[in-house]
Amino acid sequence: MYALLALIAGVAIGLFVHPTVPDWLSPYLPIAVVAALDAVFGGLRAKLDDIFDAKVFVISFVANVLVAAFIVFLGDQLGVGTQLSTAVVVVLGIRIFGNAAAIRRHIFKA
Amino acid sequence: MMAGPEQSEPAKPTGQEPAGPAPTQERRRTTALNRVVVAVLCGLLGFAVVLQVQRTASGDTLQTARPDDLVQILDGLQRREDDLNLEIAELQDTLGRLQRSGASSAEALAEAERQAEALGILTGTVPATGPGVTIEIEDPDRRIPPEVMLDAIQELRNAGAEAFQVGAVRVGVDSAFTGSSGNITLDGVALSAPYRVTAIGDPPTLAAALAIPGGVLDTVRRAGGTMTVEQSDSVTIDALRPSRTPVYARPTE
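Residue numbers (my numbering), protein chains in the order written: chain F, 1 to 110; chain S, 111 to 363.
Some hints could be false.
Unchecked claim - If you want a taste of the chain S side facing chain F, the calculated C-beta under 10 Å gives, among others:
#1 136
#2 140
#3 145
#4 146
#5 147
#6 149
#7 150
#8 153
#9 154
#10 156
#11 160
#12 163
#13 193
Unchecked claim - Restraint ranges, calculated between C-beta atoms of paired labels, are given here:
#14 19(F) <-> 178(S): 26 to 36 Å
#15 53(F) <-> 181(S): 19 to 29 Å
#16 182(S) <-> 91(F): 46 to 56 Å
#17 106(F) <-> 189(S): 37 to 47 Å
#18 178(S) <-> 20(F): 49 to 59 Å
#19 73(F) <-> 181(S): 15 to 25 Å
#20 110(F) <-> 182(S): 44 to 54 Å
#21 163(S) <-> 91(F): 51 to 61 Å
#22 20(F) <-> 196(S): 34 to 44 Å
#23 196(S) <-> 9(F): 20 to 30 Å
#24 53(F) <-> 189(S): 27 to 37 Å
#25 106(F) <-> 183(S): 44 to 54 Å
#26 207(S) <-> 73(F): 21 to 31 Å
Rather than coming from a laboratory, the hints here were simulated on the basis of the structure.
Where is the CB? At the ideal position from N, CA and C, for every residue including glycine.
Just chain S, same shape as in the assembly (with noise of 0.2 Å):
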């Protein structure tokens, strides 16, 4: 690049002085300058081409971008972050939303499993076990009637007894004391003395409410029978009622 001025000014005199020997001599020498720098710039622009050959091919395409394409291309990669962020949070959504309902499906599953638990023992569908009383009653004179049994079975349902079974039928909603003093059937079964009866409930609870005055104990002692009553912190009742399919009724919603 120095040498632009260099060689134009000795080119100068060359015009203004066509004639003389130091013309011709100072002409060659300018010539020799001239491909001096004519092949210094060649040689440049060999450099410069490769040197941006190879900064092209390095691949390096955002280190020689423009800032304004550069704030293009990040705002471009900012939408995308953005819709992809709004993705994840759809799914994270949906996933919380599946996991809940998978949560409170098993959930209800587990109550209606303590439902049928708790129904079946009522309804007497399911053996039962946990503390109560086993009653036995005797009836030597064969007096006691079938009142008295329901009264037993009344007055250990008041006290908060939840299963029972009389010798081996499992007592239900719709169970029946029939038939006449010491000819008691229970459900279509005859029972024969001395009558069994398991119930669980709250020991202390069942035992004195069969003693109070007045009650099933003083009753079978006026038909001249006894009761003997033994509370224990496990009995288990493992006769079952078969479960009943309603035929007319249905629950409403």
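Just chain F, with the same shape it has in the complex (with noise of 0.2 Å):
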């Protein structure tokens, strides 16, 4: 619940602050929030099995987006970024609807 109140205190921050990206963030950005929403889907699934454990998600969370921004960074430096962008995004997305099904069967029982 206080995730959640989290949540929407951020966008409204994001909402009313308008900062600007620097350059070198701008193009791991995109991909570190698809890692952090895949990291907060499955922490949402634990949170229903009742497994969720705070230090589990915090390391999730960090090593989701730094992973992911790596492999961007790596894919940028080999000349396949885009390429690379969109396999990250796939799987994580992939991980992301898994753990949504998850929740899905919790909630709806279906």
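Now that you have both chains on their own, put them together as the hints suggest.
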């Protein structure tokens, strides 16, 4: 519940502050967002399974973001940045869908 | 992010020492800390999502595009520019060609008009004006033969005269003096003394041509006539000949 409130607070801050994204961060931000979303969905699923561990969540969140950013960085260095970004988004998207399906089964029992 | 290691450290003793009042207190503290960290991360995620959405919505896709994509876009633009430049060159070529042909056809038209005028003066189908001489030949004894008139025209022509008129008749390339002395006809039109000849050319030259010894002037005097030559800066020849269309002759290509 507090996590949801914090999410809304973050959105509100983003809406009001209008920060500019530094150039070096701009390629990684979308991937980092998707990776974090994956972690959040995983955490939500764990919460519903009653196996939520804040430590696991925090580590998976940070690690997801860092690994995704690193893969994109590596891809840019190797000249396959666009393709690797797509790959990362696809993999994370599949995971998000899997977690979302588990959450759905928990909530709707279907 | 800094909270990661902080919260994991106190978590370790809880696993090692499950009993006692201190661990429960610490566990409560840890739980609160965990909640804060999770909340911070979720807040960060919301913030980042809004940030990215706003950046995408701002529409400046080139600014966020990768160098590879930019190179591709640039490549496409350059190819398009080349194509357009080629098209411009072709169209300018066409424009130049059309302008040149337009100018040359206008030139050809002007040249044709000039030639038509010159030929019109030569064949006598248009009136002409210019410097020249007016000659009057009196023939009181009616002894001047048509040959003298012919000689007069020939001499004038040799002297460079360009257009002639005798009486009311324009002299053309097929003109002929016929008849007998005192009874001269030109192209079937009867002439009567005094014969009046108008010619366009250089006046002094024309006058001198008629006055050469043994020339027209002498012949007229021998026949008992008189001849006066009046030089003028501007004489007008207004008699016209009908234009003839050749029936048999065709220009060769």
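Right, here's what the structure says about each hint:
1. Hint status for residue 136(S): violated, given a least beta-carbon distance of 14 Å to chain F, over 10 Å.
2. Among the interface hints, the one on residue 140(S) holds; its C-beta lies about 8 Å from the nearest C-beta in chain F, closer than the 10 Å criterion.
3. Annotation: residue 145(S) was flagged as interfacial toward chain F, and the flag holds, the nearest CB pair being 6 Å apart, inside 10 Å.
4. Checking residue 146(S) against chain F by beta carbon gives a least distance of about 9 Å; that is within 10 Å, so the hint holds.
5. A distance limit of 10 Å between C-beta atoms decides the matter here; for residue 147(S) the minimum to chain F is near 5 Å, and the interface restraint holds.
6. Given hint, residue 149(S) at the interface with chain F, holds; its Cβ is 4 Å from that chain's nearest Cβ, closer than 10 Å.
7. Annotation: interface hint on residue 150(S) holds; nearest CB of chain F at approximately 7 Å, less than 10 Å.
8. A hinted interface residue such as residue 153(S) counts as satisfied when its beta carbon comes closer than 10 Å to some beta carbon of chain F; here the least separation is about 4 Å, so the hint holds.
9. About 6 Å separates the beta-carbon of residue 154(S) from the nearest beta-carbon of chain F, less than 10 Å, and the hint is met.
10. Contact between residue 156(S) and chain F, as hinted, is supported at the beta carbon level, the nearest pair being about 3 Å apart and thus within 10 Å.
11. Taking 10 Å as the C-beta cut-off, the interface hint given for residue 160(S) holds, the closest approach to chain F being about 3 Å.
12. At about 8 Å, the closest approach between the beta carbon of residue 163(S) and any beta carbon in chain F falls short of 10 Å, and the interface hint on this residue holds.
13. Given the 10 Å rule on beta carbons, the hint for residue 193(S) is violated: about 26 Å separates it from the nearest Cβ of chain F.
14. Under the hint 26 to 36 Å, the C-beta atoms of residue 19(F) and residue 178(S), about 27 Å apart, fit the expected range.
15. About 46 Å separates the C-beta atoms of residue 53(F) and residue 181(S), a value inconsistent with the hinted range of 19 to 29 Å.
16. The beta-carbon spacing between residue 182(S) and residue 91(F), approximately 25 Å, falls outside the hinted interval of 46 to 56 Å.
17. Our hint of 37 to 47 Å for residue 106(F) and residue 189(S) is violated, since their Cβ atoms are close to 55 Å apart.
18. Range check, residue 178(S) to residue 20(F): Cβ separation about 24 Å, and the 49 to 59 Å hint is violated.
19. A beta carbon spacing of about 19 Å between residue 73(F) and residue 181(S) agrees with the range 15 to 25 Å that was offered as a hint.
20. Checking the proposed 44 to 54 Å range against residue 110(F) and residue 182(S) shows it holds: the Cβ atoms sit about 46 Å from each other.
21. Roughly 22 Å separates the CB atoms of residue 163(S) and residue 91(F), a value that falls outside the hinted 51 to 61 Å.
22. At about 42 Å, the beta-carbon gap between residue 20(F) and residue 196(S) stays in the expected band of 34 to 44 Å.
23. Range check, residue 196(S) to residue 9(F): about 58 Å between beta-carbon atoms, so the 20 to 30 Å window is missed.
24. Between residue 53(F) and residue 189(S) the beta carbon distance is about 56 Å. The supplied range of 27 to 37 Å is therefore violated.
25. Range check, residue 106(F) to residue 183(S): about 46 Å between beta-carbon atoms, so the 44 to 54 Å window is met.
26. Between residue 207(S) and residue 73(F) the beta carbons are some 58 Å apart, a value that contradicts the proposed interval 21 to 31 Å.
When held up to the earlier numbered hints, the structure conflicts with 1, 13, 15, 16, 17, 18, 21, 23, 24, 26 and fits the remainder.
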